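Colleague: Sequence:
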Amino acid sequence: MPKFGVKNPVTTLMIFLAIIVLGGFAYTRIGIDLMPDMDIPVLSVITSYRGAGPQEVESRITEAVESMVSSVENVDEVTSISAEGVSIVTVKFNWGTDMNEASNDIRDKLEIVKRMLPDAAETPLLFKIDPSAFPVLIYGVSATDSWKNLEKIIEEGITEKLKRVDGVASVLAMGGDTRKISVYLDKERMAATGITGHEIVAALRAQNLMNPGGNIKSDSIDYLLRVPELFTSVDQIGEVVLRSTSNGIIRVKDVAQIVDGPGERSEESFINGKKIYALIVQKQSGGNTVAVANAVKKAMPGIIKDLPKDVSVNEFMDSSIYIQNSIDNLKESLILGGITVLLVILIFIKDFKASLIIATSIPTSLIITFLLMYLNNYTINQISLSSLVIAIGMVVDNSIVVIDNIKRYTDRGVKPREASVWGAGEMNASVMASSLTTVAVFIPILFATGLTKIIFGQLAIIVSMALLASIISALLLVPTLSAKFLKGNTPDEVRELQEKEKHSWLSKLEDAYVSFLDLTLKNRGITVAIIFGLGFLSLFLFKVVGTEFMPEQDQGRFSINIELPTGTRYEETGKICTHAAKIVEKLVPEAQQIMLSYGSDTENATSMLFNQSKASNTGTINVKLHSKDTRAQYSADKRFHSIKDIIARVRPEIEAIPGMEARFSASSGGMSMGGSANFTLNIYGHDLEKGVEYSEEIVSRLKNNPHFHDLEISQKLARPEIVVRVDREKASSLGINVSSIASLVELYYSGDSTVKYREGGDEYDILVKLRPEDRQSIKGLGSIYIQTPTGEQMPLSNLATISEAKGPTKINRSEQTRYMQVTASVYGITPGQAVKEAETIINEIPAPSGFTWEFGGDEKERVDAFILLAQATIIGILLVYMVMASQFESFLAPFIIALSLPFGFSGSILAIYLSGQTLSVLTFIGLIILVGIVVNNGIVLISYVNMLIERGYNSKNALLAGARNRFRPILATTITTVVGMLPMAISTGDGAEVWQPIGWSVVGGLIVSTLMTLLLMPTLYSLFQKWLVPEEQRM
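For the sequence shown, my numbering assigns the number 14 to the initial residue and increments by one for each residue that follows.
One thing to keep in mind: the hints can contain errors.
Taking CB as the label site, the calculated pair distances span [as the list claims (entries may be wrong)]: (1) ASN260 - PRO578: 46 to 52 Å; (2) THR41 - ASN856: 54 to 60 Å; (3) LYS500 - ASN441: 35 to 41 Å; (4) ASN260 - SER796: 21 to 27 Å; (5) LEU138 - GLU90: 16 to 22 Å; (6) HIS592 - LYS176: 35 to 41 Å; (7) THR41 - ILE854: 53 to 59 Å; (8) GLU805 - SER72: 33 to 39 Å; (9) ILE854 - LYS165: 37 to 43 Å; (10) GLY793 - ILE596: 34 to 40 Å; (11) ARG177 - PHE147: 20 to 26 Å; (12) ASN260 - GLU805: 44 to 50 Å.
Computed cross-link-like contacts, DSS-like style, restricted to lysine-lysine with a CA-CA straight-line distance of at most 25 Å [stated by the list, open to error]: (13) LYS641 - LYS595; (14) LYS193 - LYS161; (15) LYS466 - LYS873; (16) LYS641 - LYS20; (17) LYS318 - LYS176.
Bear in mind the hints are in silico, worked out from the structure with no lab data behind them.
Since the model is a prediction, treat every value here as computed from it, not as a measurement.
Every residue, glycine too, gets a C-beta built ideally from N, C-alpha and C.
Please model the complete structure; the sequences and the hints are all you need to start from.
Modeller: Here is the structure:
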């Protein structure tokens, strides 16, 4: 390569210019997102079974679906939730499974399952988990005079327009008052007239049809015949005739009250105390979050301008801001790292032209990488940019080594053209080997599975692409530019340079280093003993450093989930939640907006799918803080406070509110597998009562530990129930079956909304159910009338026993076995330390017969990931050893180089400990990167020593001369890599929590391992010289 570049400079420059143009174009086309695209291999089957309790849903729906889907190929785990009226079976497949094929297989199984389900069960629906479906933007829409019509204003004035914005998949309006036509049945009037609820629904359905009547052909015209019988006004609903009797006509309005309005309110939302509709904007799958958010925000002013003057639209959440800030911070780290690297090169090389030539390898390598990223459909995200920041200090290493050797020739008076060919040619093997060792260490990551491969597979590929690009730059572009722009020195200039060099600070540092190395070579045994002794002592740091799966990210948002006793009416829930929101407003001056929502008349299948619970007794306070860089301006003491600090400030006041439980969670980036809680305990066993009792005992013990907060048990037996046990024999004697009673109770209390009212192109529910005042007591339930086939009206209390009970809110299952979860948020210690403390506590509590437990969530993911990454590290070290063994044609030389790795790991752990980081998946990735970097310096040093021995040097002189000659490039490449990553390690902006651990682990490990390369490696080489050096050349 060097010879071709020097011989064909114009061709070489045009090749690189073409790559730069294409790479620059590719960069402008690469999308921006927080994390790499994740195709999560999870499908959920949702089946509605209205009116059924959790236990009935489990036995009649969930078990049937589970048994079928479990037999599908590549299924890893099957879990389920059986709740009131709904079954959710979640199927997790092995990573790498073709999800289109898996979806088809599940659909085939569901066709079989449908025939096994009760008639009242709805058709099972297949739902795919898509991380990109989470909200991009959330707006709060409020109004004064227009509130009554706000739902229609939002639909026509905002939603429909936003749906036309490029990249928007859906716009959902939630909360507020939804128009509903309520038909409130009067049970006393119905009993007096003999009218039943089913009769009313049937009459409304029969009088609200759009029937095709066929065609009429007259002469040359073909007429379409229609018989429209849709309601044209709300008043017509009350006029529907139910019966004609001798006493006159009985109409709907005679036995029911017709109300046109928002219906019975069961859920409300507020932002900063102002009642709102929440407007949720979702992007299309695979869409660019930042681009979609920008497009929506650009369109919004024009949309708002056309709304009534009293309607206000306020942005509550914009997920693109955190993404953009994170990317901007990483770009700053990239630019700052690049500038610092250039300054370091200039200091060491002391030649402006040579420094500029080396500097060209940075943009060249990065632009080539951008081109390859574009061709691989990668986005600019936290991982890909972190990869480039990691690479920026490494891509110049090869160029530094090459140009340092070229300058050694030019400084001796060799012409630049010959010096470029010879100097680069001599470094060809070591440059290739050192880069390939770094690439080799990443290969095992590509064979990983799960989240580790999705995230860090991309890091491995991007760093490898940058390094391979740097080889081309170092061996082709650098010699070409050196031959053109470096100048040769005359004999007088050579002597002048040599004299000047003797008095430079670098030469003095070299002299000091060589003198110290000479001392260590004379005392090899003592040197090795001291170094290995210190290395052994550093192992104790592993016990001190905490562990976790992923560090939490401060995204400037946290939430408080409030839960009152099960069954609490939504009005009471609203009072408590409003009081809590006012406390937050008082205690958190850093809050930019506070969003409060509470209540929901039924469990929502989608919310349960994401482990969220919405009911009449629950509420959520979402707090949006000012950005990190301005947060201190709003705090009472004018200091920056993290999310954890603010939660700790608010928690005591909120938890002091009587009659409620509060659980805090911070939005942390979406990489956690355990939801908002970072501690999860799974307890397996069939008996619900024993399981709940056991779980409650564990929770009561954990509450005494100050590190565990927001403790929650997924399974509760506190749901108040009214159980209607029909006397089957008595009912049968009267010609009444149980299903007709159950159907009527469901109609009266849940309502029927199958009939619709259409007006102005919109469709509204006509809800038929008992009056609110008739649905407020057990006595009222017993007094509803059941009609016998003979027309006799019979109170329900005469046909059934009505009693109060408590039942489960939901039933969780895993691998067709019941289980419950205990979750918590851990503060003050790492999740790994929390697991150890919890394990001690749980072991003190005897488990009921048939019950087992294990840690799940993030801890399970951490253990699996650590095992996977440990295997990847070992395989990576073996591959690196193989590459070095091939280069040196020796088994011993690469072993000596590899001995610096443990000390590098010790340096990493020390840096992690001192910087307050934890041992997470991210720090583990830093350790893997370190393996590839650490050996590079050793390769450069040992290669040069071997070359000197081949030229006749004895081992000691070769080691001292080699150490002196390679000292500067080793020091330069180390410092450039360190300073290139230092901005990433010390960054405090948005997203810093992700890349800080990687930065510190590499910086700490590289500093320590470089010292080992310069001191331990020559010492070990001399100890093993018997097998490395010919006898006559040994010291």
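Colleague: Taking only the CA atoms, is the gap from LYS466 to LYS873 under or equal to 25 Å?
Modeller: holds, 16 Å
Colleague: Could one say that the CB atoms of ARG177 and PHE147 fall in the range 20 to 26 Å?
Modeller: Check passed, 22 Å falls within 20 to 26 Å.
Colleague: Quickly compare the C-alpha distance for LYS318 and LYS176 to 25 Å and report which way the hint goes.
Modeller: holds, 17 Å
Colleague: Is it true that HIS592 and LYS176 lie within 35 to 41 Å of each other by Cβ?
Modeller: At roughly 38 Å between Cβ atoms, LYS176 and HIS592 fall inside 35 to 41 Å, so the hint holds.
Colleague: Take the C-alpha atoms of LYS193 and LYS161, compute the straight-line distance between them, and say whether it is at most 25 Å.
Modeller: holds, 12 Å
Colleague: For the hint 33 to 39 Å, verify it against the beta carbon of GLU805 and that of SER72.
Modeller: holds, 35 Å
Colleague: For the pair ILE854 and LYS165, does the Cβ-Cβ distance stay inside 37 to 43 Å?
Modeller: With a Cβ separation near 56 Å, ILE854 and LYS165 fall outside 37 to 43 Å, so the hint is violated.
Colleague: Return holds or violated for the Cβ distance of THR41 and ASN856 against the range 54 to 60 Å.
Modeller: Holds, since THR41 and ASN856 (Cβ atoms, about 58 Å apart) stay within the stated range.
Colleague: Per the hint of 34 to 40 Å, is the separation of the Cβ atoms of GLY793 and ILE596 within bounds?
Modeller: Since the Cβ atoms of GLY793 and ILE596 sit about 38 Å apart, the hinted range of 34 to 40 Å holds.
Colleague: Is the distance from the Cβ of LYS500 to the Cβ of ASN441 consistent with 35 to 41 Å?
Modeller: Given a distance of about 24 Å, which is not inside 35 to 41 Å, the answer is violated.
Colleague: Could you grab the alpha-carbon distance between LYS641 and LYS595 and see if it respects the 25 Å cut-off?
Modeller: holds, 23 Å
Colleague: Confirm or reject the claim that ASN260 and PRO578 have a C-beta distance inside 46 to 52 Å.
Modeller: Since the Cβ atoms of ASN260 and PRO578 sit about 48 Å apart, the hinted range of 46 to 52 Å holds.
Taken one by one, the earlier hints fail for this structure at numbers 3, 9, 12 and 16, listed in ascending order.
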